[in-house]
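If you want the building blocks of each chain, they are given just below.
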Amino acid sequence: MIKLVGVFKKFDAHTALNNLCLYVQSGEIYGLLGSNGAGKSTTLNLILGFLKADSGSIDIGNGSNNSSLKQDMIGYIPENVNLYPYLSGVENLDYFCKLSGFQYNKVELSDFLNECGLQTDAHHKLISTYSKGMRQKVGIAIAYAKKAKVYLLDEPASGLDPLSSNELSELLKKLAKNGAAILMASHDIFRVRETCDKIGILKNGNLVKEMNASQVSSEELEGIYLNFMKN
Amino acid sequence: MRELHVFSYEFKHFLKTPAKVITYLFFMFACAYSIYNGFDLQNKQKQTIQNIEIENKNKVLKVLTWFEEGKSGPESKSWVDISNPYWSLNYIPTYMLKHPSSLLPLGVGQAEQYGYYKEITNWSSTYDNDMVEELSNPERLVNGNIDFSFLVIFLLPVLLIILTYNIKGLEDDFKFDKLITIQFGAIKKWIFIRFLFYVFLLIFTVVFFIITVSVINNSLVTDFSQVKSLILLSSLYIIFFATIFYFIAVYSCGSSAIAFKMISAWLLLCVLIPGSVHQFASMKYPVNYMTDYLDVNRKEAYEVFELSTDSLYYRLVEIYPALNETVHGQEDEIDNRIIRNTVCAVINEMNKNVIKDIEQQNEAKNQLIFSSYWVNPVSFVQNKWNSYTFTDYYSYKRYRSNVQKIIDKKIELLSVECWGRRKVNRSIYQQYLQEFNYDM
Amino acid sequence: MKNIVINEWKGLFRNRLFLVLVCIFTIALLLTTYLGILQNNTQILAQKEAQEHIREQWDSMDPTNPHRAAHFGSYAFKPTNLLNSLDEGINAVTGNVLRLEGHTQNDVMFSEASQSLLISKFGKLKPSLLFQFIIPLFLIFLSFNSYIAERESGRLKLLLVQGASLKKIVFSKVFSIWIIGLLLLISTTFVQLIFNTYDLSFDAIFRLILFVCSYGCYYLTLITLTVLLSLIFKNATGALSLSIVIWVMWTVFLPKIIGNTVEKISPFPTRVEFQNAMDVDRSKGIDGHNPSGDRKKELEEKTLAKYQVNSVSELPVNFSGILMQADEEYGNDVWDKHFGSLYKQLQIQKRNYQLSGFFNPFASVQSLSMGTAGTDMFHHLDFLKQAENYRRFFIKKLNDEYAFGGSKTGDRSWKADTKFFQSVKDFSYTFPVFLSFLSKYILDILFLFIWSVCLLFWLKYSSEKTIFL
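Protein chains in written order, with this note's numbering: chain D, 162 to 392; chain X, 8 to 447; chain W, 12 to 480.
So here's chain D without its partners, still in its complex pose:
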């Protein structure tokens, strides 16, 4: 689970996050919506440990403040999963697993990729030949193989075609079903509505609205979002 309580973050005079309280349970997918500069990336960077909060607490389930222990639990999927272009999907996965201290044989690695929806015939092709969706799947496989309890996704659906986007949603739901806490920051209202269990809207560092995805339709969500952005 991810638990942020009263988190403040300032960059010089600019307040990036103002008393942010956010809770993502295990098995839950949380979608963080917001315009550019609303504080989404700052939130992710704080959880990832790249930034330090000025005040407040960030807990990702183990109750530890040790950043390396935190990082062991986190799987991170950046907006563009541009991995080593001269390595294949399997090789990239192998390398990143080894970086986090896991060692799998080739069959296991292929299984991870399969589970994340990457077709078998692509496993041994160079990443440079992959589409964005395929690379995204390798990125998720990296987090999955690490046995991450927490998944942080930065604009995961940006630039994906509808089919890949849908596959991504399904994959995230599968991960959540297995007990992962997933936090995704996005602009894509429709995808967030389709994928997430809970949705939060960030504006100027304040969490202005939180709701259950099942309570709103896509159109309603868009209306709420635009209403907050305009005011």
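Check before you lean on any hint, since a few could be wrong.
As the list claims (entries may be wrong) - Calculated pairs, DSS-like style, for lysine-lysine (alpha carbon to alpha carbon, straight line, at most 27 angstroms):
id, chain 1, residue 1, chain 2, residue 2
1, X, K53, W, K275
2, D, K338, D, K308
3, X, K84, D, K310
4, D, K259, X, K84
5, D, K308, D, K286
6, X, K306, X, K363
7, W, K275, X, K182
8, W, K419, X, K84
9, W, K355, X, K51
10, D, K310, X, K195
11, D, K334, X, K51
12, X, K291, X, K195
13, D, K308, X, K185
14, X, K19, D, K259
15, X, K306, W, K426
16, W, K426, W, K408
17, X, K291, X, K363
18, W, K308, W, K168
19, W, K348, X, K51
20, X, K185, D, K267
Unchecked claim - Selected chain W positions facing chain X (Cβ under 7 angstroms, derived; list incomplete):
id, residue
21, C34
22, A57
23, H64
24, V104
25, T105
26, S127
27, I130
28, L140
29, E274
30, P278
31, F279
32, T281
33, Q360
In case anyone wonders, no lab produced these hints; they're calculated from the structure. C-beta atoms are modelled at their ideal positions from N, C-alpha and C, and glycine is treated no differently.
Assemble chains X and W onto chain D, guided by the hints.
For chains X and W alone, kept in the frame of chain D given last:
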């Protein structure tokens, strides 16, 4: 364990990047070529020295035949009398040779700036015309040779740049540097381990070539401490550049910026700083036209020749007090011929004095170079390397000093024997030969 | 196109890093040029003093035998010319002093490189060092960034949509950066002109113009190549890596490997072999000190017949002087044969090296840089030839004085007076006019021109063919 994986996976990164592999192989080829060049130069020097030695032996054999046949010298030169020490010593071909070091293939250094064989006559000095370098194309000398030390000192850092500029640079460019941190933790450590792989690779490569040359030339036996020092020096040098590049990689973002900064560091350390020190040294110590030396060999020498026999007699006795005890030293009359035959000793002393000044001026320039080493580490490594392969200024200074010793020895022997009115026969001639290391 | 160039400059000059770098380069160039001029002047002064010192000794020589004076000899000091401050060329590795005496043709001695430990493998910090190593790298990064930044930021698409052709865009990039390179070149030349106004000849100006043009051509080649690679390669890092690798190959690696190879293709004899071959040829002639042999006999008969006397003692002239001059002339023939072939070989090596400009334009610019600064091998050989010609004149004058100045054969104690020695003119080196040497550099000029034109055409072709998606 994770560290070990990063290290071993670097080999895969390396192999999967054709540009890096090709550059590395190209460097290996260049090393092999440079060593071949070094061997070529070494063999050329050895061959020349061997030819000189053979020719000298033939000349000596000829003189020995004259003794056997009771001849006084060559038929065309009736005035030559080899029973006179003046002529018999003149007919001992005396050369001072600088045998190429067994490590020459690893560093040509300043070898091409100096001569390595010198014929010693009664009028020789260490700044004679035949002390200059071998015949070579000056423009080639300016560009320098592809020798192994050049490759290690100047091109190896460039190779290191090509091998390492995209460590973290690529991750920055493709924006998955955060993923690395999430997966591995400390990114500095991850960069360090990846750098370590290339440091080991390059040290292994350089050591491989040093050991190969040492085995071929038996240097492990003859020059073991130099081989050891070369290995240590090259390893430290690689670590030195790797450290600079490591910090550039850590504190820069993107492969272009990293490459630019690394190349700039290389230019600064290998080209700009040495060039500035060179320019400064030239301004402080302009090219020495050695007019004092020219004076000794021209005006002052002629003034000596104009001196009276009496004056020369006393100047010679002053140089070699032992001459007082010789046959001529005990005689009442001064023999003009003996004095003229040994006046070279006076010129030699004058040469030695003026050369001492020249060497001191050179030494002052060298001291300036030494003091610049703190800001000019590449020149330090370069000169250290050359000293291990016996091709630096001081190796040739030692050679010049050996040349001077032989000149002194020859002139002293000439003076003592001429003043002793020694009658030379075959066995005395052979004794002379032994003095100059002839085994005949 | 004009708008794109102006916009490019605006962008560059509003970039603080660029401004700082340009300022550093300009100051460094001006300073190195100025220091180079100072060093040059010190050197010129030292050489002048040495020359005067040697001449003073000659002029104050007591009456002496001319043959003895021939052994007393003289020295030719390699002159330093004004443009040396731009490019030192081979001056550091060649000797600076040449002893001129009877019977013997000596080598130049006392090279700067032999007077201390090794300092720099790439030479002193002269403008040529900056022009050849630092500025090209700066231009590579500027041109690389210039195009790639447009592409990666998406501005390129915008420019294309606005109606600018890709050809126009890339050529604007090339020229805007090239002009910056030219400005750095011209500012250096300007300093050179300011500090040397008192001694500026048409030849020096011509040399400076060619100096600037050759570097200008080289920079154009380098910038065009970098922009071309950025255009061809989709991967920006790959394009930059290749540009740097090419630059390293051109500037550092190829000059050495080619220099080495050309010397191997036409190798020199060792000094000992060369000297022995000369000695053998010389021994066939008349030994002035040991007057015997057929040649001597022949000369003697000819001289006796000319003066219609029966023995050398009856000659109204000193036969020893005639004999020595005959030996000298034979020695000159031997010199011409051996040194002639050595110089020819050096020229073959130089030509072969110049041919490498076909695949390495740096070789051409380096050759032209040294050539225009008057510090290359051609100028060195010219110095050696003039010094040898002077030596011949000098020795002939002394031998003639010995033969025809009033002494008779066997009159070894005969002395020429001080006035005669003072009348022997001193060695003075005439710096060659560059136009007379121009043909030697045609290959360099041609290759630089071909490189820049071909790359410009290639860039034009590529920019027309590139389909930008």
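Hints and how they fare:
1. Taking the CA atoms of X:K53 and W:K275, the gap is about 18 angstroms. The hint holds against a cut of 27 angstroms.
2. Using a Cα cut-off of 27 angstroms, the hinted pair D:K338 and D:K308 holds, with the two alpha carbons roughly 14 angstroms apart.
3. Straight-line distance between C-alpha atoms of X:K84 and D:K310 comes to about 105 angstroms, which puts the hinted pair past the 27 angstroms bound.
4. Pair hint D:K259 plus X:K84 does not hold up; C-alpha atoms about 88 angstroms apart against a cutoff of 27 angstroms.
5. Distance check on the hinted pair: D:K308 and D:K286 sit about 24 angstroms apart at the alpha-carbon level, within 27 angstroms; holds.
6. Distance hint between X:K306 and X:K363 is fulfilled; the C-alpha atoms sit about 19 angstroms from each other, no more than 27 angstroms.
7. The hinted pair formed by W:K275 and X:K182 fails the criterion: a straight-line CA distance of about 51 angstroms is larger than 27 angstroms.
8. Of the pairs offered as hints, the one joining W:K419 and X:K84 holds, with about 25 angstroms between alpha carbons and a cut-off of 27 angstroms not exceeded.
9. Among the hinted pairs, W:K355 with X:K51 is consistent with the structure: their alpha-carbon atoms are about 22 angstroms apart, no more than 27 angstroms.
10. Annotation: proposed proximity of D:K310 to X:K195 holds, straight-line Cα distance about 25 angstroms (limit 27 angstroms).
11. With a C-alpha separation of about 77 angstroms, the suggested pair D:K334 and X:K51 falls outside the 27 angstroms cut-off, and the hint is violated.
12. Under the criterion of a C-alpha separation no larger than 27 angstroms, the hint pairing X:K291 with X:K195 is inconsistent with the structure, at around 45 angstroms.
13. Between D:K308 and X:K185 the alpha-carbon distance is near 18 angstroms, which keeps this suggested pair within the 27 angstroms criterion.
14. At most 27 angstroms may separate the alpha-carbon atoms for a hinted pair to count; X:K19 and D:K259 meet this at roughly 13 angstroms.
15. This hinted pair checks out: X:K306 and W:K426 have alpha carbons roughly 17 angstroms apart, not beyond 27 angstroms.
16. At most 27 angstroms may separate the alpha-carbon atoms for a hinted pair to count; W:K426 and W:K408 meet this at roughly 14 angstroms.
17. Restraint check: the Cα-Cα separation between X:K291 and X:K363 comes to about 20 angstroms, which is no more than 27 angstroms; the hinted pair holds.
18. With a C-alpha separation of about 92 angstroms, the suggested pair W:K308 and W:K168 falls outside the 27 angstroms cut-off, and the hint is violated.
19. A threshold of 27 angstroms between alpha carbons decides the hint, and for W:K348 with X:K51 the separation of about 24 angstroms falls inside it, so the pair holds.
20. Proximity of X:K185 to D:K267 is assessed by CA-CA distance (about 25 angstroms); at most 27 angstroms being required, the pair is judged to hold.
21. Below 7 angstroms, beta-carbon pairs count as interface contacts, and W:C34 has none with chain X, the closest being about 16 angstroms; its hint is therefore violated.
22. Contact between W:A57 and chain X, as hinted, is supported at the beta carbon level, the nearest pair being about 5 angstroms apart and thus within 7 angstroms.
23. A cut of 7 angstroms between beta carbons decides the hint on W:H64: the least distance to chain X is about 5 angstroms, and the hint holds.
24. Because the closest C-beta pair between W:V104 and chain X is about 4 angstroms apart, less than 7 angstroms, the hint holds.
25. For the restraint placing W:T105 at the interface with chain X, the shortest Cβ-Cβ distance is roughly 5 angstroms, inside the 7 angstroms limit, so the hint holds.
26. Of the supplied interface hints, the one on W:S127 holds, with its beta-carbon coming within about 4 angstroms of a beta-carbon of chain X, less than 7 angstroms.
27. With a cut of 7 angstroms, the hint placing W:I130 at the interface with chain X holds, because the nearest CB-to-CB distance is about 4 angstroms.
28. Against a cut-off of 7 angstroms between C-beta atoms, the interface hint on W:L140 holds, since the closest Cβ of chain X lies about 5 angstroms away.
29. Interface hint status for W:E274: upheld, as the beta-carbon distance to the closest one in chain X is roughly 5 angstroms, under 7 angstroms.
30. The restraint placing W:P278 at the interface with chain X is violated, with a minimum CB-CB distance near 9 angstroms, outside the 7 angstroms limit.
31. Look at W:F279: its Cβ gets to within about 4 angstroms of chain X, closer than 7 angstroms, so that hint holds up.
32. Below 7 angstroms, beta-carbon pairs count as interface contacts, and W:T281 has one with chain X at about 5 angstroms; its hint therefore holds.
33. A cut of 7 angstroms between beta carbons decides the hint on W:Q360: the least distance to chain X is about 5 angstroms, and the hint holds.
In summary, the numbered hints that this structure violates are 3, 4, 7, 11, 12, 18, 21 and 30.
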